[in-house]
Amino acid sequence: MEAIDIALGLFDLLLVFLLLWLAWLVMSSEDLFKAIVLFVAFGLLMALVWVRLEAPDIALAEAAIGAGLTGALLMAALDRLNAVKPMPAAAVVTSAKREQPSLPSKVLPLVALVLIVLGLGYALLSLPDVADGLVPNVKEQMAQSGVKNPVTAVLLNFRGYDTLLEMVVLLLALLSVWSLGGVRKLSPRNTNPVLASLCRVLVPVLILVSCYLLWVGADAPGGAFQAGSVLGAAGVLLLLSGWHVEQKILLWPLRFILVLGSGVFIIIAAVLFFTQGGLLTYPVAQAGWLILLLESAATLSIGATLAALFFGGIPKSRVDQ
Amino acid sequence: MIDFFSILLLLAGALFFLAGTVGLLRFPDLYTRLHALTKADNVGLGLMIAGLALQAESLSAAGKLVLIWGLVLLAGASVAYLIARGALLRGVLPWKR
Numbered sequence: 121m122e123a124i125d126i127a128l129g130l131f132d133l134l135l136v137f138l139l140l141w142l143a144w145l146v147m148s149s150e151d152l153f154k155a156i157v158l159f160v161a162f163g164l165l166m167a168l169v170w171v172r173l174e175a176p177d178i179a180l181a182e183a184a185i186g187a188g189l190t191g192a193l194l195m196a197a198l199d200r201l202n203a204v205k206p207m208p209a210a211a212v213v214t215s216a217k218r219e220q221p222s223l224p225s226k227v228l229p230l231v232a233l234v235l236i237v238l239g240l241g242y243a244l245l246s247l248p249d250v251a252d253g254l255v256p257n258v259k260e261q262m263a264q265s266g267v268k269n270p271v272t273a274v275l276l277n278f279r280g281y282d283t284l285l286e287m288v289v290l291l292l293a294l295l296s297v298w299s300l301g302g303v304r305k306l307s308p309r310n311t312n313p314v315l316a317s318l319c320r321v322l323v324p325v326l327i328l329v330s331c332y333l334l335w336v337g338a339d340a341p342g343g344a345f346q347a348g349s350v351l352g353a354a355g356v357l358l359l360l361s362g363w364h365v366e367q368k369i370l371l372w373p374l375r376f377i378l379v380l381g382s383g384v385f386i387i388i389a390a391v392l393f394f395t396q397g398g399l400l401t402y403p404v405a406q407a408g409w410l411i412l413l414l415e416s417a418a419t420l421s422i423g424a425t426l427a428a429l430f431f432g433g434i435p436k437s438r439v440d441q
Numbered sequence: 013m014i015d016f017f018s019i020l021l022l023l024a025g026a027l028f029f030l031a032g033t034v035g036l037l038r039f040p041d042l043y044t045r046l047h048a049l050t051k052a053d054n055v056g057l058g059l060m061i062a063g064l065a066l067q068a069e070s071l072s073a074a075g076k077l078v079l080i081w082g083l084v085l086l087a088g089a090s091v092a093y094l095i096a097r098g099a100l101l102r103g104v105l106p107w108k109r
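Chains A and B, in that order, give the protein sequences.
One gets our numbering by counting positions in the first sequence from 1 and adding 120 to each.
One gets our numbering by counting positions in the second sequence from 1 and adding 12 to each.
Hints in this document: simulated from the structure, not taken from any laboratory.
Treat the hints with caution; some may be incorrect.
[As the list claims (entries may be wrong)] Pairs of lysine-lysine, DSS-like flavour, derived with a Cα cap of 30 Å: (1) K108/B <-> K51/B; (2) K76/B <-> K51/B; (3) K268/A <-> K76/B; (4) K108/B <-> K154/A; (5) K226/A <-> K154/A; (6) K51/B <-> K154/A.
So here's chain A without its partners, still in its complex pose (with noise of 0.2 Å):
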């Protein structure tokens, strides 16, 4: 047995040391292109860490948003950023000259990191050794909860509004990237039949894992914001091979699913706010379905959000021109 855990111990320190080095790459890489590969080799290993802490939630949801989704964001906006207009090389040298960074403006930035550092270190040490955490007020109230994942049990019963925030903050993302403008055109790219036969054999399974990751979420690892960013991906292997969708569709039927999860939230909080007398406390017998509600509505919602949010500006249909 000890020759596992030594070599367990090794394998986790060199995790940490590369998690550092990659970071470091990262924000010292000049070329964005490559900042944004390190990045998500970046949350790859994050990943690997949440399964070591075993957290195979946290762990879910890193390989899918963190590494895949974010990633294909920033080469979205990469993409469009070379689009734009490339800076002349010549006013990046001058630009660069004039900003002599004066003593002040380096010196205040050290000083402030060091007070971040000494603040984050006393916080550290200064925990408890042993501390049980909420962890046994979960297990209590596991029973009542509708499901047998506690992960499940505390981000949509227990702290479901939470949830419904969280619901929220993805619908403002998606507003704010539309309100900056940029009405797209669904334009078909040259369609690769490559591509477009992986997309045929990929999104199926895509949605069949989708469907499979949220029913599991209520007693193992899973969830809606799993289930939902499988989703998302299909989405965007979809838009990438030039999916050619109805535009009557991308009006209406798009919004409303795009605020189906926070809407049923908040529905199902305020039905239970006048028969319960508390929002979003479920009746036990009933908890287990409205979970499982929540979720698919969730579930739709973030993977149309995610999708949305990499296609970039607001579609354009017929109506708006």
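With the hints as your guide, set chain B onto chain A.
Showing chain B alone in chain A's frame:
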């Protein structure tokens, strides 16, 4: 006995990953590097999956592992093609001796 075969398959898989990594670092251009990567990934992962599937608790767990391999095969082959095509369209010339 099963453990022995598992170890053998995992080691063989690791060897392929090592060869692929060396190829990625040492080969002269994008196309040959892609070749090294995808070959090593597909076979190496296949051997790893075979080794792990022997240790799986149930048939469905082994099935999930094989499904992962299938997906990686599909994605790896397609993405290698797409990257190579993209590079060719942008005028990246294949390496010549």
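Restraint check for K76/B with K51/B, where alpha carbons must lie at most 30 Å apart: Roughly 22 Å separates the two Cα atoms, so the pair holds.
Pairwise hint evaluation, K154/A against K226/A, where the allowed Cα distance is 30 Å at most: holds (27 Å)
Agreement of K108/B and K51/B with the hint, judged by alpha carbon distance not exceeding 30 Å: holds (21 Å)
Hinted pair K268/A and K76/B, Cα distance within 30 Å: The hint holds at about 22 Å.
Given hint K154/A paired with K51/B - CA-CA distance at most 30 Å: Holds, because 24 Å separates the two Cα atoms, which is no more than 30 Å.
Hint consistency between K108/B and K154/A [alpha-carbon to alpha-carbon, up to 30 Å]: Holds: K108/B and K154/A sit about 26 Å apart, inside 30 Å.
Checked against the numbered hints above, the structure breaks none of them.
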